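Peer 1: Sequences are here, hints too, so could you generate the full structure?
Just add 19 to wherever you are in the sequence shown, counting from 1, and you've got the numbering used here.
Hints are computed from structural coordinates only; laboratory data are not their basis. Bear in mind the structure is a predicted one, so any value in this text is a computation, not a measurement. The beta-carbon is built from N, C-alpha and C at its ideal position, and this holds for glycine as well. One thing to keep in mind: the hints can contain errors.
[What the hints assert, rightly or not] Across the chosen pairs, the derived CB separations fall in these ranges:
| hint | residue 1 | residue 2 | range |
| --- | --- | --- | --- |
| 1 | Leu169 | Ala92 | 23 to 29 Å |
| 2 | Ala210 | Glu189 | 27 to 33 Å |
| 3 | Val135 | Asn110 | 20 to 26 Å |
| 4 | Phe82 | Thr23 | 24 to 30 Å |
| 5 | Leu206 | Pro43 | 15 to 21 Å |
| 6 | Gly53 | Leu223 | 48 to 54 Å |
| 7 | Asn27 | Ala92 | 18 to 24 Å |
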Amino acid sequence: MTVTDFINFFMTLLIIANPMAALPAFLNVTASDGYEQRKKTALTTSIAVLVILVMMTFIGRAFLKILGIQVYAFQITGGLILVLLAFSMLNASPSRIQETQEEQKEAKKKDSVAIVPLAIPLIAGPGAISTIILEVSLRPSFHNQMLVCLACFLVALFMGTLLYFASGLEKKMGQTGLNIFSRIGGLILAAISIQTVANGLIGLFPILGHVIN
Numbered sequence: 020m021t022v023t024d025f026i027n028f029f030m031t032l033l034i035i036a037n038p039m040a041a042l043p044a045f046l047n048v049t050a051s052d053g054y055e056q057r058k059k060t061a062l063t064t065s066i067a068v069l070v071i072l073v074m075m076t077f078i079g080r081a082f083l084k085i086l087g088i089q090v091y092a093f094q095i096t097g098g099l100i101l102v103l104l105a106f107s108m109l110n111a112s113p114s115r116i117q118e119t120q121e122e123q124k125e126a127k128k129k130d131s132v133a134i135v136p137l138a139i140p141l142i143a144g145p146g147a148i149s150t151i152i153l154e155v156s157l158r159p160s161f162h163n164q165m166l167v168c169l170a171c172f173l174v175a176l177f178m179g180t181l182l183y184f185a186s187g188l189e190k191k192m193g194q195t196g197l198n199i200f201s202r203i204g205g206l207i208l209a210a211i212s213i214q215t216v217a218n219g220l221i222g223l224f225p226i227l228g229h230v231i232n
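Peer 2: So, in structure tokens, the structure goes:
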């Protein structure tokens, strides 16, 4: 993985984590918590996100092998998931792929929401997990796995910091500001997801590569 590849992977993973969607969701499920409890929840969430993503970095490829799934088939599936996430971001609406209304209602009844639903499936959801599995499957070297772990750490750090200062950011940006950033991220993610699907199709059907070129 080159420096450019790392930056692209990190930015893709960060966009998929969808900070602008996670922020209002965090404020919603912690609405009855005090300031200190919110900070504690933000810290716990970031640690949980890191653990989940790093774990998938090392077991994701083996998971595909056990199930007998080709990496290109998974690439197409992951790309389609990202397409759905991208369109929900473009509409500035929560995606049911990440979290259903039933899960939101259940979360409000729990004492701690840091792991479920904030860490998973909201931040470290199917999109992020499939992106990581795809990356380590295409480039399975130990060096690449370490770079993926570094990207996971940076994403978890960014998300943790964002949630830590969630209350202040909400007041400054407002819902309109959050929606604008969400739509911009959705546009970028849509382009990335379409390219991911195209690469998967070319991998499964090499003749398509000659047709496109």
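Peer 1: Would you mind marking each hint as holding or not holding in the structure?
Peer 2: Hints versus structure:
1. Leu169 with Ala92: 23 to 29 Å: holds, 28 Å
2. Ala210 with Glu189: 27 to 33 Å: Check passed, 28 Å falls within 27 to 33 Å.
3. Val135 with Asn110: 20 to 26 Å: Distance hint for Val135, Asn110 holds at roughly 25 Å.
4. Phe82 with Thr23: 24 to 30 Å: Distance hint for Phe82, Thr23 holds at roughly 28 Å.
5. Leu206 with Pro43: 15 to 21 Å: holds, 19 Å
6. Gly53 with Leu223: 48 to 54 Å: With a Cβ separation near 52 Å, Gly53 and Leu223 satisfy 48 to 54 Å, so the hint holds.
7. Asn27 with Ala92: 18 to 24 Å: With a Cβ separation near 22 Å, Asn27 and Ala92 satisfy 18 to 24 Å, so the hint holds.
Comparing the model with each earlier hint shows no violations; every hint is respected.
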